[in-house]
Structures are given as C-alpha cells and as structure tokens.
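Protein sequences appear in the order of chains A and B. Residue 115 in this note's numbering is what sits at position 115 of the first sequence, and the numbering runs on without skipping anything. Residue 1081 in this note's numbering is what sits at position 81 of the second sequence, and the numbering runs on without skipping anything.
It should be emphasised that the hints constitute simulated quantities derived from the structure, not laboratory data. Because the structure is a prediction, the values reported are computed rather than measured. Treat the hints with caution; some may be incorrect.
Claimed, not checked - Heads up, simulated DSSO-like pairs for lysine-lysine below, C-alpha to C-alpha not over 27 Å straight-line:
id, chain 1, residue 1, chain 2, residue 2
1, B, 1396, B, 1267
2, B, 1232, B, 1060
3, B, 1267, B, 1228
4, A, 78, B, 1277
5, B, 1098, B, 1060
6, B, 1277, B, 1289
7, B, 1263, B, 1396
8, B, 1060, B, 1070
9, B, 1356, B, 1267
10, A, 332, B, 1396
11, A, 142, B, 1228
12, A, 142, B, 1277
Said to hold, decoys possible - Covered by chain B, per the in silico footprint, the following chain A stretches (three or more residues, Cβ under 8 Å):
id, stretch
13, 33–44
14, 51–57
15, 101–114
16, 154–163
17, 200–213
18, 268–279
Stated by the list, open to error - Residues of chain B clear of chain A, computed beta-carbon distances all greater than 10 Å:
id, residue
19, 1048
20, 1115
21, 1222
22, 1256
23, 1301
24, 1370
All residues carry an ideal CB built from backbone N, CA and C; glycine is no exception.
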Amino acid sequence: MTQAHLDTFGRPIVVVTGIGIVTSLGQGKEDNWRRLTAGESGIHTITRFPIEGMRTTIAGTVDFLFDGRVAAPDLSEKLATLAAEEAIAESGIGSHGDFPGPLFAAVPPVELEWPERQQLAEAVGRYPIVYHDLLGAAASGKFRPWHERFLFGSVADRLADRFGTRGQPISLSTACASGATAIQLGVEAIRRGETDVALSLGTDGSVHPEALIRFSLLSALTTANDNPEGAARPFAKNRDGFVMAEGAAALVLESYEHAVARGAKILGVLEGCGEMADNFHRTRSSPDGRPIIGCMTNAFADAGVTPDDVDYINAHGTSTPENDRMEYVGMKAVFGDEKLAQTPISSNKSMIGHTLTAAGAIEAAVSLLTIANGRIPPTINYNIPDPAIPLDVVPNVARDAQVRRVISNSFGFGGQNVCLVLAGEPA
Amino acid sequence: MPDANAGRRRIHRDVWITGIGLVSSLGEGLDAHWEALASGALPATDTASYAPYVVHPLVKVNFDTQIPKKGDQRQMEPWQRIGTYAAGLALDSAGIAKNTEILSKTDMIVAAGGGERDFAVDASILNELSTSNDPGRLLNERLLSDLRPTLSLAQLSNLLAGNISIVHGVTGSSRTFMGEESAGVDATRVAYSRIAAGQSEIALVGGAYNAEREDTLLLNDLDNFCLKGEFKPVFAAPGIASGSMGAFLVLESPEHATARGAKPIAKLSGVWSERAKRAVEGAVAEKVKALLATAGTPAGTAVISGATGGHDATEAERVALAASGLPVRAVANRMGHGFEAQFIAGLALAALAVSKGTLFPPFTGDPLEQPGDAAERIVVTQVGHWRGEGAGLVEKA
C-alpha cells in the first residue's frame, strides 16, 4: 500500500464507490436528489392502515412498492434490497449475488404485528382468549414461516443471501443513529485491514399502527396533520415534533487503494467517525450538550480535520423542540459563533421525515451527493425563524455552493450519537 | 479517536478479559456459578409456570444493588434489568465501576433482542377486536390508552445499552447488535478486533435474556423450537430450554489494564463468526469443524458449547464435536439457552474454568459430555438455533 492510499494517521483511506437511496420521494438517487433540491416533501396522510383515533395521522411512508399491507420486515427488506442493488450496480464490484465483503445492516427491531396476532387468535378457535392460548396456535405449525421472518436477524440474513456478502451479516441498532453506525462499522473493518470492501446500509419500513402510537406516547411526533407537507419544520420556531418515515440507503465502502486499482469511480471519502453516548436520560440529551459536542469533536479528530475545514453541516434536525435546540447548543460550542454563522446547515428530514434506523445512512448518502453536485438541499418549512437558535438553515430553497467537506449528525434515543465526516475525492 | 492501526504497520495486541458479570438460574456472580458447576448439581428448571415449556428461571436478585434508583428499574422490562445488573457486576469485577474517567472511554457493544409484550393488554385487545365493527379505530384507541409510554423504551433493543449508560455511566461508545445468537458472537468479535487492532483500549460487551416470558416462547414455538415436558440434556433431545441470564465481559488491552494495575482473569485469543448455508446437507458440521481447526485443538484443549437445543443445528454440532474427541461441556445443560447472551455466557464460563485451571465435571446423562479436566485453553462454540456459527478461544493469561 502506498502513502497516497493512507490517511494522515497511516490508516487505509476509505472511499465510497456506490450509493443507493429509496425514500417517500422516490426510488433511486437521481429522483431523490432532484426532488430534495426542488424542496419537495414526501410526507402525506397515511393510507396504509386506518388512522381513526390516532393523534398523528401523517408519515413519510413508502407506498409504491407493495399493493396493500405487508409486515414491516418485508418492507424493510425490500427497501434495503433496492438501495443495495443501486449501490452495488454503481460501484461495479463483484458479480451478481457475489459481493466481496461483509454486510453491516442497520435494521429496525421487529416483532409479530397485530394482523399476525389476530390470525393466531382466530386459530385458537374461540373467544375470549388469554395470551397463553396463542402459544397453542403458534405450535400448530400453520404459521411456521413467521418464526424466521420475525427474528431480529431476518432482514440482514436474507440480504446476505441475495447479495452474497461474506460471512455472517451484522444486524445493528443505535436507534436514530443506526445508519451512521453501520457505516462506521464498515470504515473500521476496512481500516483494520479485515476487508477491502463492505456494504453498509440502513433501512426502515416500520410505519404501522403500534409503532406510530408508541412514538405518540413519547410525545415525539408532530400533530400538524392538516398540512402534511408542512409538518416537519426543523429549526423553525413552530417545530413541534418529528414525522415518522420510511426509506433506505446503502453505501459500498472500499479502501482507496482497492478502488483505484480496479479503476472504480470514487464518489467521496469517509474521513472520520465519532461517537459518544449520553447517560443523561432515555429520550433527552444532556442539558450541557456534552455528548453531542464530544461526538462531533471525536469525528473531527478521527478525520484529522477541524471545524474550520467544514463547508456544510447535514443536521440530525428532527424537528422536535428538544433535538434542534440541543443540536444548536452543541454546534455553537464546537464551531464557535462566527464559524457557525458562516456555515450552511440543513435538515433532509424537513422533506423526507425521520426515517429512524435508515436516517444516518440516507443522510450520509445525501451529504455525498451535496458534495458531488455543489448544491445544498434546503430545510423546507422554515418560515418562522427561532431567534434562540440562529442558523443559516438554507431556508426553503436549495443553494449552489462549493462543498468540500460535510459533517453529518445522528443522535438517537437511548443516548447513542454518531457523527460522520465526509469529503470529496482525494486530490 | 484516531487508531494506531496503519495499513503498513498493522498491529495485533493481546486482549485480556479483566471483568466478568454473570447472573443466571445458577446464581449470581462467579463464585456462585463455579460452586454450582463444580458440584455437578442438576440445573434449576421450571416446568410448571409456562407448561408445557421448560425454562430456567433467574435466581432471586436484589436489583437495588446495581440499579439503585427505583425510577430506573421501572423504566426497564426484566431483560433490560437483568442486563443492566450483569453489566454492573462486570464493571465491579474489573474494578472500574464508578470510575468516570475510564467509563467515559469504555466502548460498549450489547447483543440484544427486545420487546416484551403486555400480555393482558394484548389478549384483551384481541378479544375486543374479534367482535368489533370498526377494528382499525378500536386498535388505535386501545393502544393509545393502554400502552404505557415507558413500555416502548423498555422494548427497544438499543435501550439495554442506553440503560447501562444511564445507570453505570458507560459512555465511550454504545452499539447494539441484534440477530439472536450471532449478535453475541459478533459483538464480542468486533470489540475484540478493535482492541487487538488498537482502535479501542477497553470494552464492555454482553447480552441478556429473560426466558420467563410467553412472547418469545410463542415466537420460537412457531417453528417447533421449544423443549416441552421435562428437562433433557441438550445433546440428548431436540428442543430449546430457554434460560434467563445476563452475561457481560470487560475486554481490555494489556497496556491499559497494566497501567491501572488490573490483572487478567483470562486471555481472549480469537473470535470467529461464520455463516453456513444451512440448506446444504452437512454444512453446519463442516463449519464447526473448520472453526475448531481455526482455533486449534492441541492437548489441553476443551470445548464449552453454546448449543441451543434447536432441531438440526444442535445435532450437526454434536456430530462435529464428537468427531473432535475433545472434552465438551454445554452451557445449556447448566443455565439453559440465553440466545443473544449465550455465547458470552459460554466465554464467561470458559474464563472461569481457565482461571481455576480445571474443567467442571460432565453432566450426567448427556451423551456428549465425557470426563476430562483439561482447561489450558477452551474453545467456545456457538451454533445459532437458525443461523450463524461462531467460536471464541479463551486461554490462560
């Protein structure tokens, strides 16, 4: 390995050679990029299931893949499959069904859903039932495929079969930071020299009644149901919660040396990853912002750069009052007032909602497109600035700008924070 | 932080086990486990509470000793409480509990399942749905009124790690791997590899399982995986007897441990994760053989198997282990099967045996467990009940 293929710490440089995206805005990175930079929203009133009696009735569901309801792991698997197909095709690596590296899959936790529970209850053959009766129905053997489908490793397992990734795939969750963690694991494996190539992805197709209601019960969701496209309002004064959404993104990660040797087109560099867990509260950040600050600082240190080297911040920006304020507090401490005021920051979630497990991967992918296209997607629905958090959020309209380096933030429930530093192709 | 692992000057450091936290049906802590293992006593089982299913119930635990705030305990379902408790035991064992400076740099990887249902609420909703003219609205309204807001946090897979951060202050990093038995193998493998490569100095890795819940019994019985009726040794009859357990290890670089005056309990010398194509006849046995070959089987080697009891997989593992001629002990014959936690529990027992310098006696009635006390090095095998084959090598430090 030559010096040109190593970073300033002497580690293999990790590049991206394939990107795939699916969101409520559409399938494929071309469609998504066009609509993101046009400031379009993918949020809409839910039609997948009855919404009567719910507090929040909007979401960024992906409705163009199946007719009617499928179980969440089926949709998560389909979303991931499409994203991975696009990424692998672009990278031109391996051959069909033979990807020459491991799979790191950020996947949502799964469990039997209500339609399955209802079928089990019907199979008991009488009402009223108690929960134990369902076990007898389960033991009948009539629902055998559900066992594998509702295991936590199920989605990644089928992806591993389909794409022929190497070894046992890793299924992971760090809540809303999961997609970024999947990328970080790939970066670390390449830096250790375990592999030249890795497939990292995040997927989430979990908008079903109970999932939505659980977030409602945590008071995390917006209730701006009357204007779905205007409901996600990151950093605006009238923000009042996030919008649940679905999607997936996949990145083919590769050592720079490996990519150059096979003549691959390099789409960007994963320069650094930082993480720091928060031990303050299950759903709230430390009031002093210490973990967010530490997470960004660790990412810069890992990349060997400073905040001054950053041209754009791809925000976590969920549109909850708490997150956006704490993200501002953290950025202010890390960047300082002057640099922060000069640095554009935008939230993709204003348009595609919060894709939860997938968000970190989708936003890393969009960050790379931002660098490649020299154009920053806007934060839409920014009509009432919040004077407490003064930021250049690229309000409502995309902006042309030379973007050489991005930090992408992901902060999760349970205090799991990950920041990624991404840059253009090495000079 | 930047790691020292350069492409051209790749390093490989030893990895020590400097802390173990273990709680199960056998007891709490290392002494209680060793006593139970050495006595050769029958495992603690409960065949009545969840009949016809056999489970190994958690020993009675005073959670207050590791989770002092009742408010924290209330925010957790039992699987999270067991795990948070065992994690605390591991930090105590390593001598780093409450050491903010070290804990703020400790990397954590938890192998987790998730969600415990509210069984009464589920049954009640199903009964009402059966006669409702507007089931969609009914479901929404009932869930909104009947689900406890904290339940969803208690169900989320990554919130075991979240609770460990909150209760014990582990904040260097926090990752959660899912995917049943393999999650435990890969959590350990990644933590091990990062330390060996210089990407990390100290890590907390572990998992927890609550066997005393009907939703997971249901899931596993969908494909006939559960042991029913009476307890049987794991290599004698198919069927998973699930066991409540929490198992955590503190892994550490010798440099870091030595600098703080900590001694190794044992050395973790390798962790390997594989994936057989299970539809292919003989593939699982071949993978187990290959894993044993990778770990090496010189004189003084024993096997602690994480065999689940699951149909097909455990029989394939039995064939491969029998062919090896090595002394074998199965975790499931003592503590039952703890899914995500099982491999780490096996490593904990291996570290214990290695540190004692002797293997514990065989389980009477199990066709594979034979006398033998070699315990210089122990290969821990983990064949997942549905997917994934892995192994770890524990040696005398």
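- How does the coverage statement for the stretch 51–57 of chain A fare against chain B, requiring three or more residues with Cβ below 8 Å from a Cβ of that chain? Three-residue rule met by the stretch 51–57 of chain A, so holds; n is 5.
- Would you assess whether residue 1222 (chain B), listed as outside the interface, keeps its beta-carbon beyond 10 Å of every beta-carbon in chain A? 4 Å, violated
- Does residue 1228 (chain B) lie within 27 Å of residue 1267 (chain B) when you go C-alpha to C-alpha? Answer violated: residue 1267 (chain B) to residue 1228 (chain B) is near 38 Å, above 27 Å.
- Agreement of residue 142 (chain A) and residue 1277 (chain B) with the hint, judged by alpha carbon distance not exceeding 27 Å: Measuring from Cα to Cα gives roughly 25 Å; hence the hint holds.
- Sort out whether residue 1060 (chain B) lies within 27 Å of residue 1098 (chain B), counting only the CA atoms. 25 Å, holds
- Query: For residue 1048 (chain B), which was marked as not at the interface, is the minimum beta-carbon distance to chain A over 10 Å?
  - Reply: 13 Å, holds
- Message: Check whether the Cα positions of residue 78 (chain A) and residue 1277 (chain B) lie no farther apart than 27 Å.
- Response: 22 Å, holds
- Query: Are at least 3 residues of the stretch 101–114 of chain A within less than 8 Å of chain B when you compare beta carbons?
  - Reply: holds (count 5)
- Query: Holds or violated: the stretch 154–163 of chain A covered by chain B, criterion of 3 or more residues with Cβ-Cβ distance under 8 Å?
  - Reply: Three-residue rule met by the stretch 154–163 of chain A, so holds; n is 3.
- Message: Would the hint linking residue 1356 (chain B) and residue 1267 (chain B) be met if the CA-CA limit is 27 Å?
- Response: With a Cα-Cα distance of about 13 Å, the restraint between residue 1356 (chain B) and residue 1267 (chain B) holds, given a limit of 27 Å.
- Task: Between the stretch 33–44 of chain A and chain B, see if three or more residues pass the 8 Å beta-carbon test, and mark the coverage as holds or violated.
- Result: Since 0 is below three, the answer is violated.
- Query: At a Cβ distance under 8 Å, does chain B reach at least three residues of the stretch 268–279 of chain A?
  - Reply: Coverage by chain B holds for the stretch 268–279 of chain A (5 residues, Cβ < 8 Å).
The structure is inconsistent with the numbered hints 3, 10, 13, 20 and 21, although it conforms to all the rest.
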